[in-house]
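Both chains come to you apart, so use the hints to assemble them.
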Amino acid sequence: MNWSIQFLAQDTPPGTNIWALERTSDPILSQPIFWWVVGTIIVTSILLFLIARVPSNFRKPLIVGVTFLCGFYYVAEWLIPKQRLATGEEIAPVPVIGNWLAALPVASSTAQIISAMLLVLGVISIFRVHFGRLLKAQKDWFFSAVLLISMFTMLFFGMANFSERRGLDVTLAEIDKAAESQEMSERWVQVATLGSESQAFTTKQNAENDAFRRLRKGEISREEFETRKTEAEDVYETAVAASTAQIEAAAASGEMTPEIAGLARAGARAEQARGFIAQSQRFVFTDMLQVLDAATFSLIAFFILSAAFRAFRLRSIEATILMFTALIILLSFVPLGLAITSGLPSDQFIGNLRLDSISDWILAYLNTPAIRAINLGLALGVLAMGMRILFGLERGVSE
Amino acid sequence: MKVWQALLTLDRRILYLVLMILVGWQVVSPLQAENVVSTKTDSLFDYIDSMNEGDVVLVQSDWTNSTRGESRSQFQALMRHLMRKKVKIIVTSIDGQAIEVARVNIEEVAKEHGNNDYEQGRDYVIAGFFPDAPNYVFGVVNDIRKEFAPRGVVNTPVMANISDLSDCRAVILVTASASINIWYQRMRNKTKLGLFCTAVMSAENIPYYASGQLFGLAIGAKGAFDYETLLQDKYKEDQKMINLAAGQRYMGPLAFALMLLIVAVIFGNIAMVMVRKAGNSS
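Taken in order, these protein sequences are the chains called A and B. At position 361 of the first sequence (counting the first as 1) the number is 361 in our numbering, and the numbers step up by one without a gap. Each number in our numbering comes from the position in the second sequence (counting from 1) with 1000 added on.
The hints are simulated quantities; they were obtained by calculation from the structure and are not laboratory data. Note that the structure is predicted; figures quoted are calculated from it, not measured. Among the hints, erroneous ones may be present.
Simulated coverage check for chain A against chain B, where a stretch passes if three residues somewhere in it have a Cβ under 8 Å from a Cβ of chain B [to be verified]:
#: 1; stretch: 293-299
#: 2; stretch: 355-365
Computed list of lysine-lysine pairs in DSS-like fashion (alpha-carbon distance at most 27 Å, straight line) [said to hold, decoys possible]:
#: 3; chain 1: B; residue 1: K1111; chain 2: B; residue 2: K1240
#: 4; chain 1: B; residue 1: K1190; chain 2: A; residue 2: K82
#: 5; chain 1: B; residue 1: K1086; chain 2: B; residue 2: K1277
#: 6; chain 1: A; residue 1: K82; chain 2: B; residue 2: K1192
#: 7; chain 1: B; residue 1: K1236; chain 2: A; residue 2: K217
#: 8; chain 1: B; residue 1: K1085; chain 2: B; residue 2: K1277
#: 9; chain 1: B; residue 1: K1236; chain 2: A; residue 2: K204
#: 10; chain 1: A; residue 1: K204; chain 2: B; residue 2: K1234
#: 11; chain 1: B; residue 1: K1085; chain 2: B; residue 2: K1192
#: 12; chain 1: A; residue 1: K82; chain 2: B; residue 2: K1146
#: 13; chain 1: B; residue 1: K1086; chain 2: B; residue 2: K1192
#: 14; chain 1: A; residue 1: K204; chain 2: B; residue 2: K1240
#: 15; chain 1: A; residue 1: K204; chain 2: B; residue 2: K1190
#: 16; chain 1: B; residue 1: K1146; chain 2: B; residue 2: K1190
#: 17; chain 1: B; residue 1: K1240; chain 2: A; residue 2: K229
#: 18; chain 1: B; residue 1: K1234; chain 2: A; residue 2: K177
#: 19; chain 1: B; residue 1: K1234; chain 2: B; residue 2: K1085
#: 20; chain 1: A; residue 1: K217; chain 2: B; residue 2: K1234
#: 21; chain 1: A; residue 1: K204; chain 2: B; residue 2: K1086
#: 22; chain 1: B; residue 1: K1190; chain 2: B; residue 2: K1111
#: 23; chain 1: B; residue 1: K1111; chain 2: A; residue 2: K229
#: 24; chain 1: B; residue 1: K1240; chain 2: A; residue 2: K217
#: 25; chain 1: A; residue 1: K217; chain 2: A; residue 2: K204
#: 26; chain 1: A; residue 1: K177; chain 2: B; residue 2: K1086
#: 27; chain 1: B; residue 1: K1236; chain 2: A; residue 2: K229
#: 28; chain 1: B; residue 1: K1146; chain 2: A; residue 2: K204
#: 29; chain 1: A; residue 1: K217; chain 2: B; residue 2: K1111
#: 30; chain 1: B; residue 1: K1240; chain 2: B; residue 2: K1085
Glycine included, C-beta positions come from ideal geometry on N, C-alpha and C.
The shape of chain B in the complex, shown without the other chains (with noise of 0.2 Å):
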């Protein structure tokens, strides 16, 4: 009984230390196991592999660092995809940092083997940031030219043979937030819509996927994960190509936190029932 009831009032600093230790002991030495890619993150990487040399694409870039562990490698995984497969890409975003965020990110894969040494201006371009989102989406569906026109980025390659929004093979997000809802409202079928989300931010994108309007969904570090493994399927091949990353090595940390946290709510319903039923007989 007293085993019961001492775990009821543990301290919670215990609980800390224990996931320290185990975040800790997988961030050094992960364990692995067998990837079973979700068919949501199949369908973005299928979508995205079926594109051509010179294809464009509208990539809008909406978290920070403090979702790093989600969407840095999503992210970076999407750069190596587009970039190896030769796609042009106009960056955007509704967040100030994000921005910024996403240039080093594009700068640091760009240097990667196997990334046809992407250049801004000639392959890409940072269309910079937007303070007003729906009119931002508004402005980019109605005349994408005179919306980018002021950051001096509409004479360059990568928007050479775009005119409209439906020239440009897709419009993916990685966010962290709800930015792409004004998407789903604005966008009237002009091209396809693919999403990075946060793991939080799965279950109000789901019924969209399920309806057709995103071709293809990624969740959270596991849909990082998904990603790599299709990319190490494809371009395994070339050794020295990086595929499997921190998507892949953040796999073991979240496995036993998550389980930590598991085996937490368990035990503490166990003994809440106990310490219940030793105080009914009493």
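Looking at chain A on its own, in the form it has when it is part of the complex (with noise of 0.2 Å):
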């Protein structure tokens, strides 16, 4: 019992630990790792299977068992004493099972892995619903299409890309083992002249960004910034010529230098990212998804104004101090705001009048109590709720 614990607990000697596996360029079908992945496969489906059989009115004794069962283990693991050993371990031994607490891992990485089938199932449930939708051409069926088509899109690009990283790393590594053995090949000088490209460029478009933002500030003149950037083109040609003799001459050595080996490294990334999976993901995400997100959100401001000007009235003492502790907070969260009272001497009586000294008063002496007070309750009420599932009493796990 013991031992099958520890097994999935995953703790048992290297062998049988199928996460210390090292991965390997075996064909897939001959790595064990692939075969523990299908034999859980094959035993899930069919507790599944079998679950999806039980007799409707055994259905609510299995759920209310189930659930008390892993949320009392929840339970015991702070409530149940523990013995400290001298190496600094706890243990909790019972009686048969031997060792309970070490099979909180397996309840934790299972919790784990239902939550990542949940987003499975989520993806599912919205290709049901919206293709559905789109066969039977009802009502917005066009933004079904679109709901669908950008899914499958990110989809894609994501797990290409995630697929192409690995990749990535597998150049990587090969470079290591070529730094390491000092091996030179054709692959190699052309993966260093790209580093050594996209190195140089970096440190241009550095120095022209430096360029442009003191040019914005007014500490350069316009003169000065055409300047700084021929110079910065100067350094990134002499860059690139130092760096294709370093290479070349490496290529005639067939050596494999620390230098060349870091350029290779720098060109592997550089290559990988100019690739058109990887271009693809970034447009799809960082220049689409992530923009519309940033503006959809930026329109909240427009509505938080709207609403103060018409809601935020005085209409009792609770809201006046309501209206005025937040003017003192929202002031103290901008530099403008605290300029106001900056020139009030901080070390004299008088430096308790200054914004940024009564903000800290009100969220160390008010905020605190009372936040401390709202958790407490919160606190008992998830309690209350808590045993009301584990017992089977809420609707949503007794019926």
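Below you can see the structure in the form of structure tokens.
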């Protein structure tokens, strides 16, 4: 029994611990981890099949029972006393099953796997609903089409990019290996050349950006800006020429130096980043989704302003206190607000009237106790709800 | 009287227009004021600044571009500091989108001058997205190597000396949600906890700073600007380094948006009182 818990927790020595298995370049069918995954899928499918076949009058007791056992397990972690060994390890011995604490990671991993499965379930559910609407050409079918196209485009490029990054890891490992054995090949010459261009370009871009920032702040003139841009271009040309000479020398001698290995690593990254998949993923995720995300949320500023103007009225003492407190805290969040009282000396009594002092006092002596009281009430509510779920009294669990 | 009545029934599009003009003006030509750095951000900076080359921190990034105004400048300032200190970084997230956003931002900051050409696998690792937050934190606290083993990061130089969470100098969260609550509940004092949060999350996290459970706290866009100000004080010698960035740039627009909000609330109330008074007298 104890062995099985340790095996599920993957605490057993290497060989049976599947996560400790080394990744190799062998064909996938000859790798043990592949067969572990296949076995797990088969066992899980059988379990799910059996659960689906449970007669309806047994389903409620089964759900309540499993919920109680799972919930109690986490409660027991905190409430049942444990024994601390001289090594610092905590154990909670129970007859027959041994140290049940060893099974906590199993419960934790299982919960994580179930959460991950829920994400897949969500994707399947969205697909079913919207694909059905599309097929039947129901109202707003066009939006369903947009949603499905967006979802699968993101899914495709996200997964393809992830796979490419795994490929990059393999390339980087090969470069490290070549650096160890000091072997130079035509492939590494190409990659290192790309790396030298990429590194020099980044340096040039940094110099140009710095010059532009200074121009915008008025620290340098337009002529100075142009001079710095020309200098950056010269530095780029010189750096590329120097690296090229270094790479050619390494290619001629057939030896990969640590500097060339560094350039090759940078080149491999640049090669991956410039590929079609990486560019497309960046376009759909960073340049479209994230920009839309930011734009949508920035609209909140308009609604908050309009709502505050119409609804924030001093109709009672409480509302008045709330408003003045809010004004002080709002002003303390911007330097221009703090500047109103920043002239008051902070080391004298009058310094207590500085906005930052008043704001700190409000947050430390009014906000903190209030939040603690709210948290206590919240915790009691969560405890009550937890007990109801644990004992199957909550409708969602018991019906 | 007509003026107050008109103010009370002001078309919201006029307010939107004023907001757009003020923010637009400040984006183009921001007004600057001397910054008073918060003690909470100061503590955060001091502890991170006390780290040595080769130390490891776990950064959980749970923000996306919906809170870009606050979280992006916080995250970038934190990354600049860690990279300049040559601290190794493990990045995780409990938000599916956030991990990709973090990757993009780290790669952007790593290219900047003075940030030691940080390279994934050698100087930082991205352990990825974890769908079940409570059990992920439990796993990291219980056995960090086993938790991260399937992510292919445990055999990198970053995790070479990490056998337990207590080997990390800190866990730092950059978040726009209440994701830190799980760390409060489950961290068992294994290491120190720091937080960069949005302004709306500040009220509920300040008690944990007061109780010493957080070694530091940067709040909202002002927190980002505070951190940038401290970076500027420390690294002002090298003029090519980017210290004052988006955190500083956002202060002007934020200040004017907030001041418009304050003015709108005050005038809205005056108008209400005046109209009510006129109604009573008539």
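We went through each hint and held it up to the structure:
1. 293-299: holds (count 5)
2. 355-365: holds (count 4)
3. B:K1111 x B:K1240: 13 Å, holds
4. B:K1190 x A:K82: Given that 27 Å is the threshold and the Cα spacing comes to 18 Å, the pair holds.
5. B:K1086 x B:K1277: 65 Å, violated
6. A:K82 x B:K1192: Roughly 25 Å separates the two Cα atoms, so the pair holds.
7. B:K1236 x A:K217: 16 Å, holds
8. B:K1085 x B:K1277: 63 Å, violated
9. B:K1236 x A:K204: Given that 27 Å is the threshold and the Cα spacing comes to 21 Å, the pair holds.
10. A:K204 x B:K1234: Roughly 25 Å between the alpha carbons, so the hint for K204 (chain A) and K1234 (chain B) holds.
11. B:K1085 x B:K1192: Within the cut-off at roughly 18 Å; holds.
12. A:K82 x B:K1146: The hint holds at about 23 Å.
13. B:K1086 x B:K1192: Answer holds: K1086 (chain B) to K1192 (chain B) is near 19 Å, not above 27 Å.
14. A:K204 x B:K1240: Since the Cα atoms of K204 (chain A) and K1240 (chain B) sit roughly 12 Å apart, the hinted pair holds (cutoff 27 Å).
15. A:K204 x B:K1190: Judged against 27 Å, a Cα distance of about 44 Å means the pair is violated.
16. B:K1146 x B:K1190: Status holds; Cα separation ~17 Å.
17. B:K1240 x A:K229: 14 Å, holds
18. B:K1234 x A:K177: 39 Å, violated
19. B:K1234 x B:K1085: 12 Å, holds
20. A:K217 x B:K1234: 21 Å, holds
21. A:K204 x B:K1086: 23 Å, holds
22. B:K1190 x B:K1111: 33 Å, violated
23. B:K1111 x A:K229: Given pair K1111 (chain B), K229 (chain A) holds - Cα atoms ~18 Å apart, limit 27 Å.
24. B:K1240 x A:K217: Given pair K1240 (chain B), K217 (chain A) holds - Cα atoms ~14 Å apart, limit 27 Å.
25. A:K217 x A:K204: 20 Å, holds
26. A:K177 x B:K1086: 25 Å, holds
27. B:K1236 x A:K229: 23 Å, holds
28. B:K1146 x A:K204: Judged against 27 Å, a Cα distance of about 42 Å means the pair is violated.
29. A:K217 x B:K1111: Roughly 22 Å between the alpha carbons, so the hint for K217 (chain A) and K1111 (chain B) holds.
30. B:K1240 x B:K1085: 17 Å, holds
Consistency note: the structure conflicts with the earlier hints numbered 5, 8, 15, 18, 22, 28.
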